[in-house]
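Novice: Spelled out from the first residue to the last, the chains are:
2 protein chains.
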Amino acid sequence: MKILIKNIEEIHSPFSGVKKNQFILIEDQIIKKIDSMSQLDQNAGYDYSVDAEGKIVLPGFINTHTHAAMTLMRGYADDMPLDKWLQNKIWPFEGEMSAEDIYWGTALAVMEMIKTGTTTFSDMYFAVDRVAQIVEESGIRAVLAEGLIEENDGQEGLDKALKFALDYNDAAEGRITTMLAPHAPYTCGRNYLEQIRELALENNLPVHIHLSESKKEVKDSLVSHQSSPVKYLADFDFFDNHVLAAHCVHLEPGDLEILKKNKIQIAHNPMSNAKLANGIAPIKKYLENEINVSLGTDGVSSNNSLDMLKEAKMASYLQKIKYEDPTAVDTTSILEISTVNGARALAIDQLGLIEEGCQADLQLINIKNNSFYYPHHNILSNLFYAADSRSVETVIAAGEILMENNELKTLDQEKIYYEAEKRAFKIARDLA
Amino acid sequence: MKILIKNIEEIHSPFSGVKKNQFILIEDQIIKKIDSMSQLDQNAGYDYSVDAEGKIVLPGFINTHTHAAMTLMRGYADDMPLDKWLQNKIWPFEGEMSAEDIYWGTALAVMEMIKTGTTTFSDMYFAVDRVAQIVEESGIRAVLAEGLIEENDGQEGLDKALKFALDYNDAAEGRITTMLAPHAPYTCGRNYLEQIRELALENNLPVHIHLSESKKEVKDSLVSHQSSPVKYLADFDFFDNHVLAAHCVHLEPGDLEILKKNKIQIAHNPMSNAKLANGIAPIKKYLENEINVSLGTDGVSSNNSLDMLKEAKMASYLQKIKYEDPTAVDTTSILEISTVNGARALAIDQLGLIEEGCQADLQLINIKNNSFYYPHHNILSNLFYAADSRSVETVIAAGEILMENNELKTLDQEKIYYEAEKRAFKIARDLA
Numbered sequence: 001m002k003i004l005i006k007n008i009e010e011i012h013s014p015f016s017g018v019k020k021n022q023f024i025l026i027e028d029q030i031i032k033k034i035d036s037m038s039q040l041d042q043n044a045g046y047d048y049s050v051d052a053e054g055k056i057v058l059p060g061f062i063n064t065h066t067h068a069a070m071t072l073m074r075g076y077a078d079d080m081p082l083d084k085w086l087q088n089k090i091w092p093f094e095g096e097m098s099a100e101d102i103y104w105g106t107a108l109a110v111m112e113m114i115k116t117g118t119t120t121f122s123d124m125y126f127a128v129d130r131v132a133q134i135v136e137e138s139g140i141r142a143v144l145a146e147g148l149i150e151e152n153d154g155q156e157g158l159d160k161a162l163k164f165a166l167d168y169n170d171a172a173e174g175r176i177t178t179m180l181a182p183h184a185p186y187t188c189g190r191n192y193l194e195q196i197r198e199l200a201l202e203n204n205l206p207v208h209i210h211l212s213e214s215k216k217e218v219k220d221s222l223v224s225h226q227s228s229p230v231k232y233l234a235d236f237d238f239f240d241n242h243v244l245a246a247h248c249v250h251l252e253p254g255d256l257e258i259l260k261k262n263k264i265q266i267a268h269n270p271m272s273n274a275k276l277a278n279g280i281a282p283i284k285k286y287l288e289n290e291i292n293v294s295l296g297t298d299g300v301s302s303n304n305s306l307d308m309l310k311e312a313k314m315a316s317y318l319q320k321i322k323y324e325d326p327t328a329v330d331t332t333s334i335l336e337i338s339t340v341n342g343a344r345a346l347a348i349d350q351l352g353l354i355e356e357g358c359q360a361d362l363q364l365i366n367i368k369n370n371s372f373y374y375p376h377h378n379i380l381s382n383l384f385y386a387a388d389s390r391s392v393e394t395v396i397a398a399g400e401i402l403m404e405n406n407e408l409k410t411l412d413q414e415k416i417y418y419e420a421e422k423r424a425f426k427i428a429r430d431l432a
Numbered sequence: 001m002k003i004l005i006k007n008i009e010e011i012h013s014p015f016s017g018v019k020k021n022q023f024i025l026i027e028d029q030i031i032k033k034i035d036s037m038s039q040l041d042q043n044a045g046y047d048y049s050v051d052a053e054g055k056i057v058l059p060g061f062i063n064t065h066t067h068a069a070m071t072l073m074r075g076y077a078d079d080m081p082l083d084k085w086l087q088n089k090i091w092p093f094e095g096e097m098s099a100e101d102i103y104w105g106t107a108l109a110v111m112e113m114i115k116t117g118t119t120t121f122s123d124m125y126f127a128v129d130r131v132a133q134i135v136e137e138s139g140i141r142a143v144l145a146e147g148l149i150e151e152n153d154g155q156e157g158l159d160k161a162l163k164f165a166l167d168y169n170d171a172a173e174g175r176i177t178t179m180l181a182p183h184a185p186y187t188c189g190r191n192y193l194e195q196i197r198e199l200a201l202e203n204n205l206p207v208h209i210h211l212s213e214s215k216k217e218v219k220d221s222l223v224s225h226q227s228s229p230v231k232y233l234a235d236f237d238f239f240d241n242h243v244l245a246a247h248c249v250h251l252e253p254g255d256l257e258i259l260k261k262n263k264i265q266i267a268h269n270p271m272s273n274a275k276l277a278n279g280i281a282p283i284k285k286y287l288e289n290e291i292n293v294s295l296g297t298d299g300v301s302s303n304n305s306l307d308m309l310k311e312a313k314m315a316s317y318l319q320k321i322k323y324e325d326p327t328a329v330d331t332t333s334i335l336e337i338s339t340v341n342g343a344r345a346l347a348i349d350q351l352g353l354i355e356e357g358c359q360a361d362l363q364l365i366n367i368k369n370n371s372f373y374y375p376h377h378n379i380l381s382n383l384f385y386a387a388d389s390r391s392v393e394t395v396i397a398a399g400e401i402l403m404e405n406n407e408l409k410t411l412d413q414e415k416i417y418y419e420a421e422k423r424a425f426k427i428a429r430d431l432a
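Sequences listed follow chains A and B, in order.
For the first sequence, position 75 (counting from the first letter as 1) is numbered 75 according to our numbering, and the numbering increases by one without interruption.
For the second sequence, position 304 (counting from the first letter as 1) is numbered 304 according to our numbering, and the numbering increases by one without interruption.
Just so you know, the hints here were simulated from the structure itself, not pulled from any lab data.
Some hints here could point you the wrong way.
Note that the list lumps identical chains together, so a pair holds whenever it fits in one copy or between two copies.
Quick list of in silico lysine-lysine cross-link-like pairs, DSS-like style, CA-CA up to 30 Å [to be verified]:
(1) K215 with K160
(2) K260 with K285
(3) K219 with K6
(4) K89 with K285
(5) K219 with K32
(6) K261 with K19
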């Protein structure tokens, strides 16, 4: 399949500035050619053409940390103290979720991600083969891992998680890759974590883990292990793997150096860290130290959406507050954090850039149809600081059109709304 | 004109919880009747009917602090140090703006506010008779004041500002009220401020002022006046008036008590305070002390939109961070802050509530047409924490429909885009 995108007003890709009045030719999953419209051979063969007049092209957003099926809990528990939120609401709800519920919750999530310009997400949850199913069906790209809590999952869970990781790596025509995902240093013991470390190294699998999310976690670790969560893991060489660490909000002295030396990949979740009152991660400092920072939404229950444009603005504005510095994390930096840095964090090559030879994962954004783009002094600023995701009109992942002019091509929206609502309400009623 | 709004899924109004399956009858500018659909007399006379099936009704948002015409500077200056931002970009741009530019910049702002559910705004800017003109034409409600900087405006400016305030109070069928607006304690000398205090008292005009916005302002005041900006103003009884104070981010000991005792009305602008790296105002503390807190967007150049839904979420999430308390400023509180508290702050009675006898200023929000509302566990949480303003479909101010099913009724969108863009670009080019 050859797709031509023509009359593109501007292409914004990390590191390469702005290109005006361009076309893009996609062949199979790859961006084959990018050039100015004056160079377009009108007779060049293509199967389908998309007119991007009045639109800009950006890489699809890459959401590096989520628990997609938690969409079923959107609005189920808000404005609560953390312990009551978890113990009285989130965990009981999760306890009632069937694999079928997880399928439909993830379907709602994937639909929302496509509609808001995300083309890749990294998920840590349960019944992950059903998560893989909706990824396969929807055409989105995903990095999947079964979340492991030692007390609940034990050896059997680990075996199952490994089997999934090996079976599904490179599934869905290469759109699915996999990781191992011990939930956190405080929910998995050292032997369990060491075993995961070995399996990850042996099988060349990256590791996805929550790390230093709350003050309490760090404090407890200092008591239990006489060291911070970061140093505790480093001490048994857990970071020999490619590690995607979600949050990293609270650092102890020496932690930054460990993260840097071990090339830890940060998944920054500013909205979740705010909603749960965990604080603001030191992203500006990470970037200054050349630690790779990517962006995640976390689960919907602590966000409450999967909208990367909201997340990107929050990331920038919170850093400005934290460092009392209005120049912190500017729009150039936000573009990288929400796209190519995500690809690096997920260990996927040739992704997150609009360049020849890269994966054809991209979004077309209409910059004419709402006031947030007027005047057009600075399109990236208008996009990240003023607009919302309604202007995301067309989304392509792995060379397939998933949404065109706001119309979903692979998912049945009404069916997903119906099933998600029905299942979420049933669980809430059963627990009431 | 009698308007019937029927089949309303839910009405959310501050203090009165949720009412399901309702109708609202509007007569002239006023909400005449609210009752459940079963009580609707199908033969009751009305001139126009709006079907609100699948929609909720909320009071229109009240934006208590903005400089509307600054839309022309959207994206013109971002991610810059405050002094360079002001001196090299904002002030030179403002210096080039004609009264006609201000008219069109305000038109773009008013259009954006209507589309995002705002029915009242409080503006401090220049050429304010032209601001009044677009308020008159658009049907929105506004509280207007000419911003006064002593060095620029002097006695002549003050005379003009007073004349405007007296001439335009209660203009546009009562939709316009007025204030006096000394810019800030650091741009107006004590004599000038005392004169404004007297004129405000004499003429029963509220006062709109920037107060304690930045650390630098407070520090400078401590040096110049040996007291904080708040205490400095209190010492010459400036607060004998109804005072709307924008920002109040940084308090010195004793300031809180002064604000409380004098019933100061706070206009909280969390997005602007974040973008300009001024910090997070102590809203939770204000509310605990029964100080009235309302919400503002400030000018677009420090935001970069006039979208009150974005502002409301930011207000809540920033308080959760500041106080390390996930329960801070919950959705009930956000609803009050963004509606009825604004009415109080602007000294307008019977506004910001969906109650019989109140002003017919309201918005219809579609809770079925996008994923952010699924599942419907908690509509207010979905609205404030997950959704964006695309679901605002119909907006009514003072009993007139300004937008119906996303179609603007009083403004010419294409003309406004064209004029705003042309004028903004001309100024930017002239300054380049």
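Novice: Against this structure, judge whether each hint is valid.
Specialist: To see whether the hints hold, each was checked on the structure:
In this assembly of identical chains, K215 and K160 lie within 30 Å of each other by CA distance neither inside one copy nor across copies; the values are 32 Å within and 55 Å between. Proximity of K260 to K285 under the C-alpha cut-off of 30 Å is restricted to the intra-copy arrangement: shortest distance 11 Å within a copy versus 39 Å between copies. Taking CA atoms no more than 30 Å apart as the test, K219 paired with K6 passes in neither setting, with 55 Å inside one copy and 55 Å between copies. In this assembly of identical chains, the alpha carbons of K89 and K285 lie at most 30 Å apart only when taken from different copies (28 Å versus 35 Å within one copy).
For the identical chains of this complex, K219 and K32 are neighbours neither inside a copy (51 Å) nor across copies (58 Å), given an alpha-carbon limit of 30 Å. Taking the shortest Cα distances, K261 and K19 never come within 30 Å of each other, neither inside one copy (36 Å) nor across copies (58 Å).
The structure does not agree with the numbered hints 1, 3, 5 and 6 stated previously, though it agrees with the rest.
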